[in-house]
Amino acid sequence: MTSHSKPAVRTDSVRKIFKSGDQTVAAVDGVTLEIHRGEFAAIAGPSGSGKTTLLNLIGALDEPDEGKVWIDDTEITTLSRGQRADLRKDKIGFIFQSYNLIEVLSALENAEFVLLLQGVPPSERRRRVTEMFKKIGLEGLENRRPHQLSGGQQQRVAIARAIVASPSLVLADEPTANLDSATGAALLDVMQELNQEIGTTFVFSTHDPRVMDRASRLIRLVDGKIEDDH
Amino acid sequence: MAIGMIMLAFVLSIMAGMKRDMINQGTSLLLGHMQIHAKDYRPDRSIYDAIPAGRSDLLGQLRGDPSVLGAAPRVSTFGLASSGNKSIGVEILGMEAAAERNVTILHEKLIEGSLPEPSEQSQIAIGELAAKALGVSLGGEVILIAQAADGSLGNDLFTVSGIFRSGLDLLDGGMAILDLGAAQSLIALPAETIHEIALRTASPTDAKTVASALERTLANPAIEVSPWQTLTPELSSWVAMSDSWSWIMYVIVFSLAAISVLNTMLMAVFERLREFGVLAAIGMKPRSVVALIVIEVTALAGVSLLVAIAIGTPLLRRVVGKGIDLSSFSDGFSVTGVAVGPIIRGDWVFGDFAVGAALLFVCAALAGLYPAMRAAAVDPARLTRGEIR
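Same order as they appear, the protein sequences are chains G and A. For the first sequence, the numbering used here assigns the number 1 to the initial residue and increments by one for each residue that follows. For the second sequence, the numbering used here assigns the number 1 to the initial residue and increments by one for each residue that follows.
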């Protein structure tokens with residue numbers, strides 16, 4: 001475990017159970033961990049190991065059946081739906097496997113949406129997004145719709161959306177899974193640069209060994225339990 | 001929604017036009033917007049219950065009132081009209097043709113000749129059906145017999161000066177119009193004695209208010225000023241029913257609009273589940289998602305309104321201007337004693353259009369609430385679990 005200042009994320013005996021008919025499956029089974037600020041951590045494991053569910057719990061997208069989760073000093077398991085939405089808006093950036101950009105919005109509009117929710121004035125939004133686009137190689141693509149962009153470009157827009165509001169934590173669910181290896185590597189370069197330059201905490205799930213190699217910390221999950229953390 | 005708005009405007013326009021025409025036809029043919037009688041005159045209409053005031057003084061007072069645009073004195077009774085060996089029962093109405101032109105449009109309904117004027121040889125105007133029943137034509141002679149006020153049986157010989165066609169069988173087959181003086185002479189009434197004064201005001205819709213004000217101005221407890229609503233309760237009921245129909249139309253059109261909005265927005269929400277999942281994941285609050293959908297629905301209603309105005313205005317202009325000609329189906333019909341022509345014209349009822357449009361906005365926004373709540377309820381975790389495509 002890498003040790004940096006205060007934890008950005010803390011979980012205590014978190015458990016999430018899914019029911020299917022008579023069967024119950026613990027997708028996350030008593031996970032306790034701390035992820036410190038500035039870490040570039042990967043949660044690895046085979047399909048069904050609980051990576052995405054753990055990310056959902058950390059990201060306040062889902063509620064645990066047991067245990068507690070803290071983001072900075074806020075215990076998120078006690079928050080209402082609206083409060084969790086506010087927390088996501090202000091403190092967490094999300095990068096999804098399938099980009100999940102809004103088709104009717106341009107690249108720039110997609111990237112500035114979180115800032116819009118935060119009530120940032122339009123001129124400031126444009127300035128910050130333009131600056132971010134320049135940093136991650138999207139300059140000139142501001143007005144393109146998602147379908148006019150390649151997969152790698154769309155994921156860069158998703159990264160811009162996740163990071164432009166300066167969240168304390170960015171959660172990425174298999175961010176390179178839909179990309180070829182060269183594009184995936186370039187994208188990881190961007191994420192790593194942002195991690196080192198801005199100090200944003202990155203937690204991403206993956207089962208790709210090349211991605212795991214880039215992580216400063218690797219948390220291995222098997223059947224919802226931490227098998228290894230180094 | 002735009003089609004609903006056009007339908008609503010069309011129906012409201014037609015109904016308002018029909019209401020206007022019904023009231024105009026009902027009041028302008030013979031009734032007037034209001035009438036003045038002796039307190040006990042209606043409903044028996046006895047010839048002895050004349051207006052207990054000097055005709056000249058009363059008419060002078062009325063014609064000096066700014067709310068009165070025309071005042072026509074009348075006497076009225078019932079009698080028998082005969083020609084040769086044919087006879088029919090008639091209502092006899094004595095009137096001043098010149099004064100009547102300022103109040104009613106009976107003169108416009110003449111198909112031959114003119115209304116009776118004072119002359120040595122007493123004149124009579126009868127309806128087309130009465131002329132046929134009596135077998136007389138213009139210039140022919142008709143004998144009228146009626147109970148006179150002095151107890152005698154009044155009778156006189158009249159020359160047919162005019163034949164009218166009002167479209168109402170009751171008038172065309174049973175009304176005899178005389179000059180006021182001739183009628184008074186027939187039933188032995190003094191020249192100052194009249195039974196009623198028909199009045200025209202600026203608008204029939206103000207009749208009740210003007211009648212009350214006039215009654216206060218005249219300050220004569222022996223006479224009453226009755227608006228058309230009191231004189232023809234059937235027409236008044238029809239108008240009230242027509243207003244009820246407008247509300248029924250509102251309900252039908254708004255229900256259709258609400259169903260269409262509900263359907264459209266539910267489909268849109270189901271197609272955009274991923275989008276709402278993303279919005280929720282990146283921090284949009286459920287109530288903001290509800291607001292977003294309601295704004296979208298309101299914008300949809302706004303666009304529909306613009307489309308409705310663009311398409312509906314020329315349509316309504318035609319309906320109001322040229323009207324809908326139903327003459328190939330019918331020559332017209334009568335409702336509650338009012339003749340309605342075969343051309344139905346609409347009316348510009350901007351107030352009703354505005355109310356309709358505003359209600360449609362409210363209705364659309366309310367109908368959008370359920371899809372909005374469905375959108376707000378999308379669980380963002382389903383997005384990462386791959387349950388939303």
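Think of the hints as simulated: they come from the structure by calculation, not from any bench. Check the hints yourself; a few may be wrong.
Claimed, not checked - Reference excerpt, derived from the structure (chain G facing chain A, CB under 7 Å, subset only):
| # | residue |
| --- | --- |
| 1 | T77 |
| 2 | T78 |
| 3 | G82 |
| 4 | V114 |
| 5 | D223 |
As the list claims (entries may be wrong) - If you want the footprint, here are the derived chain G segments under chain A, 3+ residues with CB under 8 Å:
| # | region |
| --- | --- |
| 6 | 54–61 |
| 7 | 83–91 |
The beta-carbon is built from N, C-alpha and C at its ideal position, and this holds for glycine as well.
Results of checking the hints against the structure:
no.	hint	verdict
1	T77	14 Å, violated
2	T78	17 Å, violated
3	G82	5 Å, holds
4	V114	5 Å, holds
5	D223	17 Å, violated
6	54–61	holds (count 4)
7	83–91	holds (count 6)
Figure legend: structure checked against the earlier numbered hints; hints not met, in rising order: 1, 2 and 5.
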